[in-house]
Amino acid sequence: MKTLWRVVLGVGLSGICLGAALGVGNDAGGEQVIRVTAQRFTFTPNEIVVKKGRPVVLEFSSLDFVHGFNIPSLKLRADLPPGKITRVRFTPDRAGEHPFVCDNFCGEGHEDMHGRIVVKE
Amino acid sequence: MMQRRDFLRLLGAGGGAVFASGLAGRAMADDGSNKMAGAYDDFYFVQMSDTHWGFKGPANPDAANTLKHAVAAVNALKTQPDFIVFTGDLTHTTDDAQERRRRLAEFRDIVSGLKVKNVRFMPGEHDASLDNGAAYKEMFGETHYAFDHKGVHFIALDNVSDPGARIGEAQLEWLKADLSRQKKDAPIVVLTHRPLFDLAPQWDWATRDGAQAIELLMPYANVTVFYGHIHQEHHHRTEHIAHHSAKSLIFPLPAPGSQAKRAPLPWDPAAPNKGLGFREVGAEVDASRYRITERPVSAG
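Protein chains in written order, with the working numbering: chain A, 1 to 121; chain B, 1 to 300.
Treat the hints with care, since some could be wrong.
As the list claims (entries may be wrong) - Output of the computed footprint for chain A on chain B, the stretches with three or more beta carbons under 8 angstroms from beta carbons of chain A:
{"id": "1", "segment": "60-69"}
{"id": "2", "segment": "174-187"}
{"id": "3", "segment": "197-203"}
{"id": "4", "segment": "255-263"}
Note that these hints are calculated values from the structure, not bench results. Here a beta-carbon is modelled for each residue, glycine too, at the ideal position from N, C-alpha and C.
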């Protein structure tokens, strides 16, 4: 079966790379850089539209808690500690929708903290 | 297809619901009369779960009474269980540490009205994740433990004190050591809050290192897991290990992954307590003495 998701290798690792570093992302090398704020109990934006075939960098800023970011269908997850930018890189190669969720229990609205990535042709 | 020898009786609140499922190596079944006496020559216990004391909202406008009604329903059972276990989310979460303690204390006071005094507690993420179980431990003690009852070994696993839903290395080591003292065919019941398997990780219905616990349990032939968290019955097998989730005592949730949002199912004024309930679990060596009856859920 064709590999559905190619992962950008940020630090020379094979497989899925969850990059975490300080800094602000830019659109470099054709990457789709999307800044996402995590704050109890929402991701902003919570619907992220990306183009198939172009590398994606999600740059998370958490404001108040070590939220989690988990897209089970892509086997991507990261902790999002406040005070730093957490980057999650991947390259979508199939159109579709992928729900994501905060998977670190963060309080009464935790169950509402979710969203989706929409991959378009 | 479940095997006859693996069946249990799972009774809904108010005596309305019966579902048959598996406790491997042990078995029992409803005799159709709703009379428990005689059916439990060995023993049975009651599982109550997800009471969420302190919840306020339209999903349960009677939230101040549901737990009290459940206590009364258990007290009304003709044959009282050997013990009762609460599998987490005793209280609804709050950021206020003082309010958390107040809710836990109120919960404890209400369930102290249970006739059966052998009551086991476990935390859910609503009780324990925001303070790593500190307030829970003050009132209810350790969050993981083991005990034996009439030949069955019970193991309570904590997959909620870590807000990331990990059991953690230390507890997994403890589990490994505890299991090492059991025979490979010993009847083992695991009690926990979250599913140990990936039921619906897109809804956070999983345990991040649950696969490690299942791996440790796998060499044991007779293992059954009872858990809560998902506010509905669900029955699953990881190879020979059966996993049974319980209904809640506050509001039901949708079927795993069935919609975008895991919002509570709406309260039905025409059928209060619909989808809520508790469970009786019977352990009986000789399954051949009983027949199996399944009944639909009805309001309590």
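Against the structure, the hints:
With a threshold of 8 angstroms between beta carbons, the proposed coverage of the segment 60-69 of chain B by chain A is violated, since 0 of its residues qualify and at least three are required. Closer than 8 angstroms: that is the beta-carbon criterion, and the segment 174-187 of chain B has 0 residues meeting it against chain A, so the requirement of 3 is violated. Closer than 8 angstroms: that is the beta-carbon criterion, and the segment 197-203 of chain B has 4 residues meeting it against chain A, so the requirement of 3 holds. Beta-carbon proximity to chain A at under 8 angstroms applies to 4 residues in the segment 255-263 of chain B; the threshold of 3 is reached and the given coverage holds.
Going down the numbered hints, you'll see the structure goes against 1 and 2, while the others check out.
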